[in-house]
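> Please work from the sequences and hints to get the whole structure.
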Amino acid sequence: MAYNLVENATMAMKTLGANKLRSGLTMLGIVIGNASVIAMVAAGQAAQDYVTRQFESLGTNVLFITPGDAQRGPDAGVRRADTLTLADAEAVAAEVLAVGAVSPEKSQRLRVTRVAAETQANVLGTTPEYLTVRQVTMAQGRFLSPVDAQLSVAVLGSETAKTLFGERNPIDQSIRIDNVRFTVVGVVTSRGSSFGQNLDETVYIPIEVMVDRLTGQEVGKTSPTVQTIAVSAQSATSASAAHYQITNLLRLRHGLLTQEDDFTVQSQQDLLDTADSITSILVLVLGFTAGISLLVGGIGIMNIMLVSVTERTQEIGLRKAIGAKGSDISAQFTIEAIILAIIGGLIGTSLGLMSIVILTLATPLSAGVSVSAIAVSFTVSGSTGLIFGLLPARRAAQLDPIVALRS
Amino acid sequence: MALIDLQHISKTYGVGDLQVHALKDVSLTIAAGEYCAIMGTSGSGKSTAMNLIGCLDRPTQGHYRLDGIPVDTPTADALADIRNRKIGFVFQQFYLLPQLTAVDNVMLPMVYARVPQSKRRSQAIEALQKVGLGNRLENRPNQLSGGQQQRVAIARAIVNRPKLLLADEPTGALDSQTSQSILDIFASLHRDGMTLVMVTHDAAVGQQCDRIITFRDGQVLSDRPTATENTLEIA
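Line by line, the protein sequences give chains A and H. Per our numbering, residue 83 is the first one in the first sequence, and the count goes up by one each step. Per our numbering, residue 25 is the first one in the second sequence, and the count goes up by one each step.
There may be inaccurate statements among the hints.
Stated by the list, open to error - Quick list of in silico lysine-lysine cross-link-like pairs, DSS-like style, CA-CA up to 27 Å:
no.: 1; chain 1: A; residue 1: 96; chain 2: A; residue 2: 407
no.: 2; chain 1: H; residue 1: 48; chain 2: A; residue 2: 96
no.: 3; chain 1: H; residue 1: 48; chain 2: H; residue 2: 110
no.: 4; chain 1: H; residue 1: 187; chain 2: A; residue 2: 407
no.: 5; chain 1: H; residue 1: 143; chain 2: A; residue 2: 407
no.: 6; chain 1: A; residue 1: 96; chain 2: H; residue 2: 143
no.: 7; chain 1: H; residue 1: 154; chain 2: H; residue 2: 110
no.: 8; chain 1: H; residue 1: 110; chain 2: H; residue 2: 143
no.: 9; chain 1: H; residue 1: 143; chain 2: H; residue 2: 48
no.: 10; chain 1: H; residue 1: 154; chain 2: H; residue 2: 187
Calculated directly from the structure, the hints in this document are not laboratory data. Please read these numbers as outputs of a predicted model, since none were measured by experiment.
The structure is reproduced here in structure tokens:
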């Protein structure tokens, strides 16, 4: 059998080589299919890795309390944004034993100026605990401290510092946020970006000062609202206890008896799981789309092979007349199809790998070459050749030599 | 013993009112070593007879023994095997594979005979030398003249050393001078002991055989040795 296989393969190569244009066109579908399977799966997995890394950078024992109920389903997008207050954050810090540090966060995009320099930055009102909870390190000076509570001091993100001060030392210099004067006390080290937001274009100020001087008190609120309360649990093991205790405390404080929670507590793991389930679907959809192009490529092979059988009817008749059995003919055509699929697969795989390199160079995604994707697409293209080569091969094998020769 | 032994062979195509009786109760024997022509007008049944003799088709009725083996019942694969080992075919249209060189074309029947690869080339070259094409081994069909292509086809037909060479209008696509060179090759094969059966409508070609079988309306109209003048000349 192996002896026959080599024989048939050699013959098939001669035949395919004799008609290079047609062989090339037949392969094209498989080339594109293979390249897209490999590139798409790699892109999907890279996106998944990227998202995972982003969440992991949040810290493992950090909980996020956000206003509104994220679990409520379709209308989760229109959740109320004003149910969490600074007083809630203070209560959590004071009363929940499993909690380490609490960092309330209130942010707004504002104009930040210094003499002639001007930039837009995310102005983040928070407390000194932010440093601990968010694991920020200082490049220069210090972060906010408890004594700053009522002072107009600001800590700059690395990029904002660069935009406003260039190479000069920004410490003790003053800047204006919405025309309110602030004194710079520190610069944090670069934090990169998170979910599309550049964290280095940030100005950190005391949350009380932000409410008093920039955003003002909200009507009907005794305590300013916050967008997020980031909480670090005492340890990774106390995260679920903290989760439970925070939920109880806030329900009590918000006077919720039978209603749903009007806030959401999520751990980094919760967020990771949610993101994972979304990105898995992304990978699946991308893979499926690419799979369709592979299928189309296979049908292309079948198409051309059917044409080829018709065109080569006389050849088939002659081969049968001189002693080829039906199985010889069908092996011949099947092997031609498989060879087309495999060569197409090889070319497609190299194209796919090239596009992965381009993807890695051109985007923040670091796409790894997935051996399994290559194996899968190779197996698929080989079997596509086999499956879609079978019908034409069967047709060829069944040709009556007399009819075939007279055609 | 007869190489070809047809007994009461009938071949019917179609069904019901559309039935065509291509051959009606034909009995015919051809001995090993004969050189014989099958003649007749189109529709006379000569092509059907040729297909049956060549094991390309099976009779509706009757019995056919080729070289002592009954071949009216075997499966398509068994027939393919018989064609491969016992019969060489030469066609009017040559039917060479354009993508293969002369020697590769000649090697084709040996592929299906499962002849070891090491022996194929030398046997193919030998067959090509026999038809005078030892110097055209690596040419493709489109680089050869019609007569040369037909000689490649003859080499292909004899390479498996068959008992029977079946030629279907072998000179039909060739001019008279080239035709004669092909017939000379047949004559020399005949002298070497090969059995040749040639279908032709050309009386001049038929005259070069030893025996002419003429078909009409699906039956043998006449079966006689050719005029003895040729033999006299040789004698």
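> Hints first: check each against the structure and report whether it holds.
Now for the hints, and whether the structure bears them out:
1. A:96 to A:407: Measuring from Cα to Cα gives roughly 20 Å; hence the hint holds.
2. H:48 to A:96: 45 Å, violated
3. H:48 to H:110: 26 Å, holds
4. H:187 to A:407: 20 Å, holds
5. H:143 to A:407: 22 Å, holds
6. A:96 to H:143: Roughly 20 Å between the alpha carbons, so the hint for residue 96 (chain A) and residue 143 (chain H) holds.
7. H:154 to H:110: Given that 27 Å is the threshold and the Cα spacing comes to 19 Å, the pair holds.
8. H:110 to H:143: 19 Å, holds
9. H:143 to H:48: Roughly 44 Å between the alpha carbons, so the hint for residue 143 (chain H) and residue 48 (chain H) is violated.
10. H:154 to H:187: 17 Å, holds
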